[in-house]
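Enquirer: Now for the letters of each chain:
2 protein chains.
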Amino acid sequence: MKLILLSGGSGKRLWPLSNDSRSKQFLKLLTRSEDVLESMVQRIWRQLELNQLSNSTYISTSKTQVDILQGQLGTQVPLIIEPERRDTFPAIALAAAYLYSVMGVNRNEVIIVMPVDPFVENQFFHKVKELENIILQSSMDIALIGVNPAYTSTKYGYIIPDTADKEPEQEYLKVTGFKEKPTVEQAEDLIKQQALWNCGVFAFKLGYMMDQLEKRGLPTQYDQFIEHFNNLPKISFDYEIVEKVEHIAVLPYNGYWRDLGTWNTLTEEMQTSIIGRGSVNNDCINTHLINELDIPVFVLGTSNVVVAASPDGILVSEKSVSHQVKEIVKDLEQRPMYEERRWGWYRVLDYKKSAEGMEVLTKRLFIFAGHNISYQYHHNRSEVWVVVKGEGEFVLDDKLSYVKKGDVLTIPVGARHGIKASKDLEIIEVQMGSKLEEGDIIRLFMSWEEMKKSLESK
Amino acid sequence: MKLILLSGGSGKRLWPLSNDSRSKQFLKLLTRSEDVLESMVQRIWRQLELNQLSNSTYISTSKTQVDILQGQLGTQVPLIIEPERRDTFPAIALAAAYLYSVMGVNRNEVIIVMPVDPFVENQFFHKVKELENIILQSSMDIALIGVNPAYTSTKYGYIIPDTADKEPEQEYLKVTGFKEKPTVEQAEDLIKQQALWNCGVFAFKLGYMMDQLEKRGLPTQYDQFIEHFNNLPKISFDYEIVEKVEHIAVLPYNGYWRDLGTWNTLTEEMQTSIIGRGSVNNDCINTHLINELDIPVFVLGTSNVVVAASPDGILVSEKSVSHQVKEIVKDLEQRPMYEERRWGWYRVLDYKKSAEGMEVLTKRLFIFAGHNISYQYHHNRSEVWVVVKGEGEFVLDDKLSYVKKGDVLTIPVGARHGIKASKDLEIIEVQMGSKLEEGDIIRLFMSWEEMKKSLESK
Numbered sequence: 001m002k003l004i005l006l007s008g009g010s011g012k013r014l015w016p017l018s019n020d021s022r023s024k025q026f027l028k029l030l031t032r033s034e035d036v037l038e039s040m041v042q043r044i045w046r047q048l049e050l051n052q053l054s055n056s057t058y059i060s061t062s063k064t065q066v067d068i069l070q071g072q073l074g075t076q077v078p079l080i081i082e083p084e085r086r087d088t089f090p091a092i093a094l095a096a097a098y099l100y101s102v103m104g105v106n107r108n109e110v111i112i113v114m115p116v117d118p119f120v121e122n123q124f125f126h127k128v129k130e131l132e133n134i135i136l137q138s139s140m141d142i143a144l145i146g147v148n149p150a151y152t153s154t155k156y157g158y159i160i161p162d163t164a165d166k167e168p169e170q171e172y173l174k175v176t177g178f179k180e181k182p183t184v185e186q187a188e189d190l191i192k193q194q195a196l197w198n199c200g201v202f203a204f205k206l207g208y209m210m211d212q213l214e215k216r217g218l219p220t221q222y223d224q225f226i227e228h229f230n231n232l233p234k235i236s237f238d239y240e241i242v243e244k245v246e247h248i249a250v251l252p253y254n255g256y257w258r259d260l261g262t263w264n265t266l267t268e269e270m271q272t273s274i275i276g277r278g279s280v281n282n283d284c285i286n287t288h289l290i291n292e293l294d295i296p297v298f299v300l301g302t303s304n305v306v307v308a309a310s311p312d313g314i315l316v317s318e319k320s321v322s323h324q325v326k327e328i329v330k331d332l333e334q335r336p337m338y339e340e341r342r343w344g345w346y347r348v349l350d351y352k353k354s355a356e357g358m359e360v361l362t363k364r365l366f367i368f369a370g371h372n373i374s375y376q377y378h379h380n381r382s383e384v385w386v387v388v389k390g391e392g393e394f395v396l397d398d399k400l401s402y403v404k405k406g407d408v409l410t411i412p413v414g415a416r417h418g419i420k421a422s423k424d425l426e427i428i429e430v431q432m433g434s435k436l437e438e439g440d441i442i443r444l445f446m447s448w449e450e451m452k453k454s455l456e457s458k
Numbered sequence: 001m002k003l004i005l006l007s008g009g010s011g012k013r014l015w016p017l018s019n020d021s022r023s024k025q026f027l028k029l030l031t032r033s034e035d036v037l038e039s040m041v042q043r044i045w046r047q048l049e050l051n052q053l054s055n056s057t058y059i060s061t062s063k064t065q066v067d068i069l070q071g072q073l074g075t076q077v078p079l080i081i082e083p084e085r086r087d088t089f090p091a092i093a094l095a096a097a098y099l100y101s102v103m104g105v106n107r108n109e110v111i112i113v114m115p116v117d118p119f120v121e122n123q124f125f126h127k128v129k130e131l132e133n134i135i136l137q138s139s140m141d142i143a144l145i146g147v148n149p150a151y152t153s154t155k156y157g158y159i160i161p162d163t164a165d166k167e168p169e170q171e172y173l174k175v176t177g178f179k180e181k182p183t184v185e186q187a188e189d190l191i192k193q194q195a196l197w198n199c200g201v202f203a204f205k206l207g208y209m210m211d212q213l214e215k216r217g218l219p220t221q222y223d224q225f226i227e228h229f230n231n232l233p234k235i236s237f238d239y240e241i242v243e244k245v246e247h248i249a250v251l252p253y254n255g256y257w258r259d260l261g262t263w264n265t266l267t268e269e270m271q272t273s274i275i276g277r278g279s280v281n282n283d284c285i286n287t288h289l290i291n292e293l294d295i296p297v298f299v300l301g302t303s304n305v306v307v308a309a310s311p312d313g314i315l316v317s318e319k320s321v322s323h324q325v326k327e328i329v330k331d332l333e334q335r336p337m338y339e340e341r342r343w344g345w346y347r348v349l350d351y352k353k354s355a356e357g358m359e360v361l362t363k364r365l366f367i368f369a370g371h372n373i374s375y376q377y378h379h380n381r382s383e384v385w386v387v388v389k390g391e392g393e394f395v396l397d398d399k400l401s402y403v404k405k406g407d408v409l410t411i412p413v414g415a416r417h418g419i420k421a422s423k424d425l426e427i428i429e430v431q432m433g434s435k436l437e438e439g440d441i442i443r444l445f446m447s448w449e450e451m452k453k454s455l456e457s458k
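Keeping their order, the protein sequence lines are chains A and B. 1 is the number of the first residue of the first sequence in my numbering; add one for each residue after it. 1 is the number of the first residue of the second sequence in my numbering; add one for each residue after it.
Calculated directly from the structure, the hints in this document are not laboratory data. All values reported here derive from a predicted model rather than from experimental measurement. Don't take each hint at face value.
If several chains are the same, the list does not tell them apart, and a pair holds so long as it fits within one copy or across any two.
Unchecked claim - Restricting the straight-line Cα-Cα distance to at most 25 Å, the calculated cross-link-like pairs of lysine to aspartate or glutamate (DMTMM-like) are:
1. Lys404 - Glu450
2. Lys405 - Asp141
3. Lys326 - Asp283
4. Lys330 - Asp283
5. Lys453 - Glu356
6. Lys166 - Glu84
7. Lys63 - Glu109
8. Lys453 - Glu49
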């Protein structure tokens with residue numbers, strides 16, 4: 001059995017902490033143990049390890065998440081990288097083609113797909129494992145986990161089972177249909193029929209998926225598939241495959257399951273009501289504060305409120321309407337103010353555009369010991385680096401030097417430059433130019449060793 | 001008649017906008033006309049002008065407020081500057097000595113003292129003018145304005161009048177006593193007795209005040225008084241004078257009067273519910289947002305809440321408990337994050353202290369064209385200045401150079417340095433050291449010209 005974890009982009013429902021470059025699954029808001037916080041993806045990976053599943057797991061993700069995934073889970077975690085985001089059918093198909101043609105997985109092996117961010121208890125993973133047996137021992141093409149509805153939700157999809165057609169010993173039910181986002185009346189009716197929430201966990205034989213690709217004239221070889229990828233329709237696996245299949249099983253799960261997709265649901269699972277600098281006074285009721293800024297936040301006398309602050313902005317919301325933030329920030333044009341990268345992280349401290357169109361941007365960079373920024377240059381900006389902590393190797397226009405705390409490095413427009421930390425490096429960077437954007441980077445070498453080899457050969 | 005406006009320090013009840021270096025009367029939160037905001041001090045000055053009182057008005061203030069007062073009211077406004085803060089008796093006595101001995105005001109002229117920050121309608125100033133007649137035409141030593149209580153307040157002082165002893169034509173009442181901050185029961189009782197709120201407006205003949213100084217062995221000459229100033233007790237004019245005087249009149253005022261001392265009372269008078277970047281959505285009820293940060297603040301679904309954000313911090317408070325912020329921030333040890341100075345302003349962008357006790361602080365400095373930072377050095381920090389806008393003269397260890405946008409200036413610990421802007425200068429400053437505090441400045445020359453003369457003579 002192979003497990004594919006889908007690590008998608010979650011948009012802005014947890015703004016200002018989540019944004020285009022930091023999806024909700026990477027926010028460290030869950031309590032792992034006293035004083036130690038973990039993200040949703042770290043939590044699920046830990047649960048997979050606990051259930052001896054992590055060695056069979058691949059993460060399907062996009063290029064933009066590689067740095068942060070490796071930062072949070074380590075560089076050993078196997079990734080299958082989509083060239084761009086195109087919904088779950090293309091993502092799952094690509095992962096299947098990869099397992100089949102690159103990893104040589106047998107067509108009879110069971111593939112289980114699941115999202116990276118459900119908040120579940122351990123027994124959920126027992127159900128995940130059971131799906132393998134259902135696929136191997138029945139005539140079902142696809143097997144799903146169905147969550148016993150905790151309340152009458154109108155925002156989830158429902159799986160409708162055939163409760164009459166069931167063998168005595170059989171744990172799963174046959175599926176007769178699906179219903180996405182019902183009305184309240186429909187949802188009440190579905191719950192009476194013992195319908196279950198679709199939590200996005202699918203199992204199938206790799207060969208079944210290969211057949212589906214062949215039927216659609218799509219390549220089963222990874223390198224061919226990836227070339228084709230950007231032409232695939234943006235369609236979900238549910239619509240493209242699941243809802244068209246005749247033989248589907250659903251395995252009911254009665255345990256705890258939450259989709260921590262809004263501040264309202266997320267704060268319910270937080271074991272601390274304050275993260276970051278500040279306080280929530282005793283008069284407050286059911287009020288949470290998450291503060292990623294350096295300045296203090298004080299909350300007085302509020303009820304059912306979440307306050308979330310990050311370098312991107314500040315949200316103050318009555319909890320029951322916190323899902324509306326997505327709509328409010330959708331047209332917000334703002335560059336990311338904080339990003340985690342393969343080599344560390346940066347935070348924007350200040351940004352100003354003058355009347356004459358000159359831009360100045362000040363960042364704090366943190367580069368982990370042993371890591372380097374790629375050897376690069378910029379078309380439209382000069383940079384000044386003030387090394388405020390640590391030491392490392394610096395290259396400017398092919399000249400290598402050793403730099404340490406207190407050094408000031410001036411990088412003119414177009415100059416090739418890179419840095420590698422021998423001890424954790426912190427740098428205050430001042431960018432000046434006519435058009436400052438993250439995209440203005442021409443990377444010559446990602447690898448420090450390759451760069452040095454190339455310099456030596458000159 | 002001369003008017004003395006007392007411009008005191010207001011502490012932290014409007015934190016995070018007000019702080020030790022920016023008192024509440026300077027916050028531009030009141031609507032003057034569409035799209036134009038004004039501060040409390042600007043509003044009262046406009047009202048004094050409207051009532052032909054501004055030409056007779058002096059502002060009593062401390063050194064720290066001179067820059068901001070002149071910035072908001074112009075450099076022509078006459079100031080009487082206390083050497084340090086010592087409550088209202090020393091401040092009023094100093095102002096009286098100044099009027100008497102420097103301005104040559106006659107002992108028979110009436111002096112009226114009032115705070116700089118009451119929120120009142122125009123007719124309040126008619127009452128202020130009437131005080132002059134009461135002092136000139138009665139045997140009263142002091143005349144006060146008493147505000148008709150709008151509700152049973154326990155936080156104001158009450159003036160108890162003798163309602164029986166009153167001539168038919170007479171508008172004022174004789175005062176029989178005072179009561180500071182009564183209990184609710186006492187306040188109810190006081191209101192039954194027709195007691196009035198003491199709003200801090202006092203009138204007296206200049207000679208009366210001079211007699212009081214002489215009686216206490218204090219000088220009536222300004223230059224002698226100012227030398228004596230720092231030895232005076234920190235005591236209010238109410239306690240030292242008003243409550244000991246026999247012949248006091250109170251003139252009732254039935255109009256609108258508010259002390260905008262808390263976010264709750266201040267937001268009631270704001271004509272706009274949003275100042276700064278962000279929004280308050282339609283589900284919100286009686287919710288105000290004041291945002292001085294560059295990042296957006298979004299408020300969703302709250303009722304009776306004020307959100308205030310500045311470089312010092314963020315407050316989210318249910319309005320009725322907003323006065324508690326003073327208590328919460330009183331032990332907050334935080335350096336000022338934004339200060340207006342004689343030469344411009346600075347804002348702290350970032351501050352970090354490492355485990356080894358090293359500190360790094362990043363600032364944005366703005367120096368107005370024609371202004372200079374004093375020639376100075378620091379014991380405990382080095383600085384790097386990245387000039388991101390403008391040009392000017394720079395001195396480092398007595399060596400003068402011309403600097404402009406793009407230049408990087410490195411200032412070692414102990415090095416003498418200064419800069420004067422020929423065009424508006426903007427600088428990103430990175431401080432590094434073992435103990436970073438504003439106080440670590442040894443100023444050699446405040447004046448650029450004197451510094452240059454001294455360099456030439458070397």
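Enquirer: Compare the structure with each hint and give your call.
Expert: Going through the hints against the structure:
{"no.": "1", "hint": "Lys404 - Glu450", "result": "within (23 Å within a copy, 38 Å between copies)"}
{"no.": "2", "hint": "Lys405 - Asp141", "result": "neither (61 Å within a copy, 67 Å between copies)"}
{"no.": "3", "hint": "Lys326 - Asp283", "result": "between (29 Å within a copy, 15 Å between copies)"}
{"no.": "4", "hint": "Lys330 - Asp283", "result": "between (33 Å within a copy, 18 Å between copies)"}
{"no.": "5", "hint": "Lys453 - Glu356", "result": "neither (43 Å within a copy, 36 Å between copies)"}
{"no.": "6", "hint": "Lys166 - Glu84", "result": "neither (42 Å within a copy, 87 Å between copies)"}
{"no.": "7", "hint": "Lys63 - Glu109", "result": "neither (27 Å within a copy, 81 Å between copies)"}
{"no.": "8", "hint": "Lys453 - Glu49", "result": "neither (39 Å within a copy, 74 Å between copies)"}
When held up to the earlier numbered hints, the structure conflicts with 2, 5, 6, 7, 8 and fits the remainder.
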